[in-house]
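S.K.: As a plain string of letters, each chain reads:
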Amino acid sequence: MDKMPRWADAILVPLISLILAAIISALVILGIGEDPVAAVKMMVSGALGSTYGWGYTLYYATNFMFTGLAVAVAFHARMFNIGGEGQAMLGGLGVAIACLYVPWPHWSLALIAAMISGMVFGAIWAAIPAYLQARRGSHIVITTIMFNFIASALLNYMLVNVMRPKGSMDPATRRFGDTVHLPTFQEMFSTADNVVFRGAPVNITFFIAVIACILVWLLIWRTRLGYEIRAFGHSETGALYAGISPFKIIMIAMLISGALAGLMAINNVMGEAERLVLNATEGAGFIGISVALMGRSHPVGVFLAAILFGFLYQGGAELALWTKIPRELIVVIQGLVILFTGALDNMVRMPLERIFMSFRKGAS
Amino acid sequence: MDFLTLIQILDSSVRLATPLLLACLAGLYSERAGIFDIGLEGKMLAAAFFCAAVASLTGSVWVGLLAGIAASLALSALHGLASITFRGNQLISGVAIILLAQGMTVLIAQDWFSQGGRTPSLAGSARFNAIDLPFAEALSGVPVLGPIYSELISGHPILVYLAIAAVPFTWWVLYRTRFGLRLRAVGEAPEAVDTAGVSVVGLRFAAVGICGILCGIAGAYLSTALQAGFVKDMTAGRGFIALAALIFAKWRPWHAMWACLLFGFLQAVALRYQNIDLGGFVIPVQVMDALPYILTVVILAGFVGKAIPPRAGGEPYVKER
Numbered sequence: 138m139d140k141m142p143r144w145a146d147a148i149l150v151p152l153i154s155l156i157l158a159a160i161i162s163a164l165v166i167l168g169i170g171e172d173p174v175a176a177v178k179m180m181v182s183g184a185l186g187s188t189y190g191w192g193y194t195l196y197y198a199t200n201f202m203f204t205g206l207a208v209a210v211a212f213h214a215r216m217f218n219i220g221g222e223g224q225a226m227l228g229g230l231g232v233a234i235a236c237l238y239v240p241w242p243h244w245s246l247a248l249i250a251a252m253i254s255g256m257v258f259g260a261i262w263a264a265i266p267a268y269l270q271a272r273r274g275s276h277i278v279i280t281t282i283m284f285n286f287i288a289s290a291l292l293n294y295m296l297v298n299v300m301r302p303k304g305s306m307d308p309a310t311r312r313f314g315d316t317v318h319l320p321t322f323q324e325m326f327s328t329a330d331n332v333v334f335r336g337a338p339v340n341i342t343f344f345i346a347v348i349a350c351i352l353v354w355l356l357i358w359r360t361r362l363g364y365e366i367r368a369f370g371h372s373e374t375g376a377l378y379a380g381i382s383p384f385k386i387i388m389i390a391m392l393i394s395g396a397l398a399g400l401m402a403i404n405n406v407m408g409e410a411e412r413l414v415l416n417a418t419e420g421a422g423f424i425g426i427s428v429a430l431m432g433r434s435h436p437v438g439v440f441l442a443a444i445l446f447g448f449l450y451q452g453g454a455e456l457a458l459w460t461k462i463p464r465e466l467i468v469v470i471q472g473l474v475i476l477f478t479g480a481l482d483n484m485v486r487m488p489l490e491r492i493f494m495s496f497r498k499g500a501s
Numbered sequence: 190m191d192f193l194t195l196i197q198i199l200d201s202s203v204r205l206a207t208p209l210l211l212a213c214l215a216g217l218y219s220e221r222a223g224i225f226d227i228g229l230e231g232k233m234l235a236a237a238f239f240c241a242a243v244a245s246l247t248g249s250v251w252v253g254l255l256a257g258i259a260a261s262l263a264l265s266a267l268h269g270l271a272s273i274t275f276r277g278n279q280l281i282s283g284v285a286i287i288l289l290a291q292g293m294t295v296l297i298a299q300d301w302f303s304q305g306g307r308t309p310s311l312a313g314s315a316r317f318n319a320i321d322l323p324f325a326e327a328l329s330g331v332p333v334l335g336p337i338y339s340e341l342i343s344g345h346p347i348l349v350y351l352a353i354a355a356v357p358f359t360w361w362v363l364y365r366t367r368f369g370l371r372l373r374a375v376g377e378a379p380e381a382v383d384t385a386g387v388s389v390v391g392l393r394f395a396a397v398g399i400c401g402i403l404c405g406i407a408g409a410y411l412s413t414a415l416q417a418g419f420v421k422d423m424t425a426g427r428g429f430i431a432l433a434a435l436i437f438a439k440w441r442p443w444h445a446m447w448a449c450l451l452f453g454f455l456q457a458v459a460l461r462y463q464n465i466d467l468g469g470f471v472i473p474v475q476v477m478d479a480l481p482y483i484l485t486v487v488i489l490a491g492f493v494g495k496a497i498p499p500r501a502g503g504e505p506y507v508k509e510r
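First to last, the protein sequences are chains A and Z.
Under the working numbering, think of the first position of the first sequence as 138, with each following residue one higher.
Under the working numbering, think of the first position of the second sequence as 190, with each following residue one higher.
Excised from the complex, chain A in its bound form (with noise of 0.2 Å):
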């Protein structure tokens, strides 16, 4: 018997775990001497306000959704992939590549062939810890850590040594091609006489993100894998009575895992920047821990969770910009939302399921 109604686990944990974050969150506002409801109301203005702000907001959704749903399936696998950042890294090396080294007559051949060469890149990140794990029995959260720094390190020699343009300083590639410029929402939605979503980097990769969180959904509970996986990570003996390979799922799921958090890179190389710079992730690839912790792994969780760290994000850097308050405020918020949400979830839940259980006493 469930301890709680479905409902419950759902949505109430979650949102008493956020309302516990937000709360903390403005006694620091007021710790550093500011206005938490005038900053909440900056924040909103800032982020969701104007054309511009959705187009900020959005921008910074769709590299969480990816990252969320990446941290997401291994989830399910009960692998805890801390190395998105990494994976994400190696994909916009990917990305570079497909877009600077070959003469795309239009854009979309381009992203498409950016989509796989992120994907392929940010899978070969993940295999290395994946193997290690199903094989060797090492420690995935551990080598994956290794692995983010190991990622620095090599985009680092890569962008100073190989991909710099010659005479430049900057450790960046040279900008892509013209070609290879994914329409922005600003030139899919304009029309003459009125303009939206000006100069925000919000581009088509928004609706490919979405398309991503569909298929991880119908993957991980539409298809023979995706009960696999979610099997294997429920009870690894379990599934393994079922007859499933522990290597095969450990792999695939990372396999996955990676494919999606190097996806990222086509908004945020190709999207964006237009060109590989050092750093190009920004810790999108911590967020998604927790966004994908905060959307419970599922695909609607992740997506919904992605929209509010994007929002805290742009309204972060309005904040920063208009008033005294860091834009380290965000990485505050986002070290609570972890940790309401992760690792003090049972503070939340063992006091709900009592009054929940007490509740069904009374009834029967």
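Derived from the structure by calculation, the hints contain no laboratory data.
Glycine included, every Cβ here is placed at the ideal spot set by N, Cα and C.
Check each hint, because a few of them may be wrong.
Unchecked claim - To give an idea of the chain Z side of the interface with chain A (calculated C-beta under 7 Å), a few residues:
(1) N278
(2) Q291
(3) Q299
(4) T485
(5) L489
To be verified - Between beta-carbon pairs, the in silico distance windows are:
(6) A/T360 / Z/S303: 51 to 57 Å
(7) Z/I483 / A/I253: 23 to 29 Å
(8) A/S372 / Z/E380: 16 to 22 Å
Chain Z: place on chain A using the hints.
M.R.: Quick look at chain Z alone, frame taken from chain A:
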């Protein structure tokens, strides 16, 4: 490379290895008791900030050190609350602690000092200054041994000697005391410790507390001895290198020291030489940066002797009824 250059590189290796060693021993206590701690980085960062901030406000580095340890202990308590009391995921808790430290240090630094997330530069008694061991000056003229004594062994801040002394002390605590035996047992078979009537929760909190103190000293060293003040994200991945060293050392104190010295040496070489030219074959500096992580992956993969973590590591203990 002449003899004096070598001494200088080794000298800077010792300086760079010290924060790694303190953090590595911190992780050793925690993980030996069965609590994974990937939040070492966050605790060091918080301690680095509070130590530098309080030292700059009071002018005394020792008061700063206490503040740093207190900050680190507070985060340890949070980690203990999440992973011991509420049996949450220890890895997720560690990630949360790193993010909290990264954000809060800059937020508070900006609020207190308004210098873009740094503390003012420290000088004089607000820093841990180098101390000269006796006869360092007099013996420096002796060939070979003189420079080794006066340059390499003498002339470090007190925390360096403290870190080195912590290694035999940790060995003694772990392998020669009742507390150490129980600590190791609680990381391998908590149910056995529980059966013997010893508190699993108490032991684990004690281990997490020791971890907090050592991380606090490590952070204090960073901002008041290695450098003169706090800057944003100044730990720069040292918590993770310490974690790597811990695995490299297979959770043993003496090996931890050698691993940290090795990783410190790699950092020192990377700092001094941009690219190393080995007769036509050039090793780029990024390889030196990545080497600790690559070595750790190789060790973890068990190609060079398998690293087996404490058996109950990462598992919350649920008392049987």
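S.K.: Close enough to count: is the Cβ of Z/N278 nearer than 7 Å to one in chain A?
M.R.: Because about 6 Å separates Z/N278 from the closest Cβ in chain A, which is inside the 7 Å limit, the hint holds.
S.K.: Would the hint on Z/L489 stand, with a C-beta cut-off of 7 Å toward chain A?
M.R.: Constraint on Z/L489 satisfied, holds at 4 Å.
S.K.: Classify the hint on Z/Q291 as holds or violated, based on whether any CB of chain A lies nearer than 7 Å to its CB.
M.R.: Given a least distance of 5 Å, the restraint on Z/Q291 holds.
S.K.: Is the hinted range of 16 to 22 Å satisfied by the C-beta distance from A/S372 to Z/E380?
M.R.: 21 Å, holds
S.K.: Holds or violated: is there a CB of chain A closer than 7 Å to the CB of Z/Q299?
M.R.: Z/Q299 check passes; min Cβ-Cβ to chain A is 5 Å, inside 7 Å.
S.K.: Does Z/T485 hold up as a contact with chain A if the rule is Cβ-Cβ below 7 Å?
M.R.: It holds, given that the least Cβ distance between Z/T485 and chain A is near 5 Å, below 7 Å.
S.K.: Does the Cβ distance between Z/I483 and A/I253 fall inside 23 to 29 Å?
M.R.: 28 Å, holds
S.K.: Regarding A/T360 and Z/S303, is the given constraint of 51 to 57 Å on their beta-carbon distance met?
M.R.: Cβ of A/T360 to Cβ of Z/S303: about 55 Å, so the range 51 to 57 Å holds.
The structure meets every hint from the earlier list without exception.
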